[in-house]
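**Q** Construct the complete structure from the given sequences, taking the supplied hints into account.
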Amino acid sequence: MNPNDDAPPENSPAGDDVSTATETSETTAGQPVDDVAPPPAEPAAASTPAGKRRGRPILGAIAGFLLGAFVWLDLVLFGVIPFDSVSVWLFPILGLVVGIALAVWAPFGRRRAAT
Amino acid sequence: MASGSPPVAAQASDPPNATGDCQAEATLSNGVVVDPYVSSGVYEMPLSGSADYTGQVGDGSERSEREFSGQVVVKTPPGFPDIELTDAWTWNGSGTGQSDSGTVNWDLPAPLPRGVPFTVEGFHQDEGIRCEGSVQVEVEGGLFDSPLAPAALAGTALAMAGVGFSMVSRRGGAA
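Chains as they are written, first to last, in numbering that gives the first Met the number 0: chain L, 0 to 114; chain B, 0 to 174.
It is worth saying that the hints were derived from the structure and are not from the lab. Treat the hints loosely; a few may be bogus.
Covered stretches of chain L, going by a simulated chain B footprint (3 or more residues, C-beta under 8 Å) [unchecked claim]: (1) 53 to 65; (2) 71 to 85; (3) 98 to 107.
Beta carbons are placed, not taken as given, at the ideal position from N, Cα and C, and that holds for glycine.
**A** So this is what it looks like as structure tokens:
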């Protein structure tokens, strides 16, 4: 899976690559379109505090699901939990939720604010 | 109700988990004697092997012709189909007999974890009598005798790497 295939989060501005004024000076069929109104500004609430997207939530969901399943399998193999328990479903679901949450949080790789 | 020798497996000390007016006993190919009316386990068994069994309904006297059925399965986690053993572990038909004996074989899937208890459950439905019970068994061997073990550990590491990678910000910015 290509992690770059992740869809943007719903609350992401359309946005990291949002149209700018330079696009309004492009031409259509050779005609200037400077008179076209610029797109409305994205609402501030749609951005993270830094105004940037974070993490890879779809990758986080898939990897979290698989991690939950494998952790369940490890615990069964080591005899920590019984083989025929309902936890076979709980671990992957929990992993999926935690994976999404960690990917949205995305604490790694952030740059410090410019001074 | 109980009959035969007590189980020889050292861990087979749990109270019995069987109901109904029946008797059932099996001697596995590794020498372990399984009797659900004596103990529910845990019994050690080989991944594949055979068992000499005896079974009886009621007091063993002849009865009129009637239909009967029964099955023994390996229980799996909820949502997954139970593991059915060979055809000899499922029976149905009609007759007047009240007891049976013979030899059955099994060949469990190789990925089954070793040394981990799981449940073998069975029933026999007869005219006016239903017997059911279960025992805990574990396949002989160690952790890495199951091909699932290295795969599970490797999968855990890969999935952890995936989660870690998903936590890296795609774009920078003020934190």
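**Q** State for each hint whether it applies.
**A** Hint-by-hint comparison with the structure:
Coverage of a stretch by a chain is defined here by at least three residues with a beta carbon nearer than 8 Å to that chain's beta carbons; for the segment 53 to 65 of chain L and chain B the count is 10, and the condition holds. Here the segment 71 to 85 of chain L counts 11 residues with a CB under 8 Å from a CB of chain B, which clears the bar of 3, and the coverage holds. As drawn, the segment 98 to 107 of chain L meets chain B at 7 residues by the rule of a beta-carbon pair under 8 Å; at three or more, the given contact holds.
The earlier numbered hints are all upheld by this structure, with none contradicted.
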